[in-house]
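Engineer: Whenever a hint applies, use it, and build me the whole structure from the sequences.
Just so you know, the protein sequences line up as chains Z and G, in that order. Residue numbers for the first sequence follow our numbering, beginning at 1 and rising by one. Residue numbers for the second sequence follow our numbering, beginning at 1 and rising by one.
Keep in mind that a hint or two might mislead.
[Said to hold, decoys possible] The calculated DSS-like cross-link candidates involving lysine-lysine, where the alpha carbons are at most 25 Å apart (straight line), are:
#1 K120/G with K31/G
#2 K76/G with K99/G
#3 K31/G with K35/Z
#4 K31/G with K60/Z
#5 K99/G with K44/Z
#6 K44/Z with K25/Z
#7 K31/G with K58/Z
#8 K120/G with K44/Z
#9 K64/Z with K31/G
#10 K35/Z with K120/G
#11 K31/G with K44/Z
Hints in this document: simulated from the structure, not taken from any laboratory.
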Amino acid sequence: MDIQILGTGCAKCKTLYANAEAAVKELGLDATLTKVEDLREIIKLGVMTTPALAVDGKVKVAGKVATVADIKKLLA
Amino acid sequence: MADCCASNDNILLFSCSGGSNVAQIANDAAKALDQLGQGRMYCAVGVASRLPSFIETANAAGKRVAIDGCEVHCLKKGFEAAGVPVDVHVVVTDLGIAKGHHFNYGPDDVALVAGAVGDKLGARPCCSGGGQ
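Structural biologist: So this is what it looks like as structure tokens:
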């Protein structure tokens, strides 16, 4: 599973990354977590509001910091 | 969240919006940059039409970005005629996208143009989302 956190490096993006990291750990998933900060890559995924979270190339959350519980529901 | 992009309100984004693919790519790139917090899209026609309030707002910006669709440079010329400087100028056809009277383009084209603007501006941290 490939999880991407999309955003140009703001504090909310960092919080979302940390929440995703915690969700992966709590679920015991084998997942790769990457930050995508390049505008080109963010727009290519169709994201217009950040922070955003994509799973295997599909955007699941955009424009808000999902909680650990929210992300766990998405990944379970 | 102090590193969000309040300062980016001082960057105004203007785009071509003509009847070709490259014009609409320019327009979409400006929209994307606005929504991703890299500046604020503003009315290019208002400036090029020399409407005083639009010229005043454009001149008050810290930076003015003009995204032209093609080598005709309508937008840049309109700004020059209105006496409004352009600080960052990007032309879609200069990036290798051929002009045509069609609207068959995708996110990769928009990303290419928005990325070129971001490179010139020095893309900065921004969370454009409304909240937690």
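Engineer: Given the hinted pair K64/Z and K31/G, is their alpha-carbon gap at most 25 Å?
Structural biologist: holds (19 Å)
Engineer: Hint check: K120/G vs K31/G, CA-CA at most 25 Å. Holds or violated?
Structural biologist: Since the Cα atoms of K120/G and K31/G sit roughly 17 Å apart, the hinted pair holds (cutoff 25 Å).
Engineer: Under the criterion that the straight-line Cα-Cα distance not exceed 25 Å, is the pair K31/G, K60/Z satisfied?
Structural biologist: Holds - the C-alpha atoms of K60/Z and K31/G are around 21 Å apart, at most 25 Å.
Engineer: Is K44/Z within 25 Å of K25/Z, Cα to Cα?
Structural biologist: violated (28 Å)
Engineer: Quickly compare the C-alpha distance for K31/G and K58/Z to 25 Å and report which way the hint goes.
Structural biologist: holds (21 Å)
Engineer: Take a quick look at whether K76/G and K99/G sit within 25 Å of each other, Cα to Cα.
Structural biologist: Holds, at about 18 Å.
Engineer: Keeping to a limit of 25 Å between CA atoms, is the pair of K35/Z and K120/G held or broken?
Structural biologist: The given pair, whose Cα atoms are some 22 Å apart, holds under the 25 Å limit.
Engineer: Within 25 Å, alpha carbon to alpha carbon, are K31/G and K35/Z?
Structural biologist: Cα-Cα ~23 Å, so holds.
Engineer: Please work out if K99/G and K44/Z have their alpha carbons no farther apart than 25 Å.
Structural biologist: holds (21 Å)
Engineer: With the threshold set at 25 Å, check whether the alpha-carbon distance from K31/G to K44/Z stays at or below it.
Structural biologist: holds (14 Å)
Engineer: Is K120/G within 25 Å of K44/Z, Cα to Cα?
Structural biologist: Measuring from Cα to Cα gives roughly 19 Å; hence the hint holds.
Violation of the numbered hints given earlier is confined to hint 6; every other hint is satisfied by the structure.
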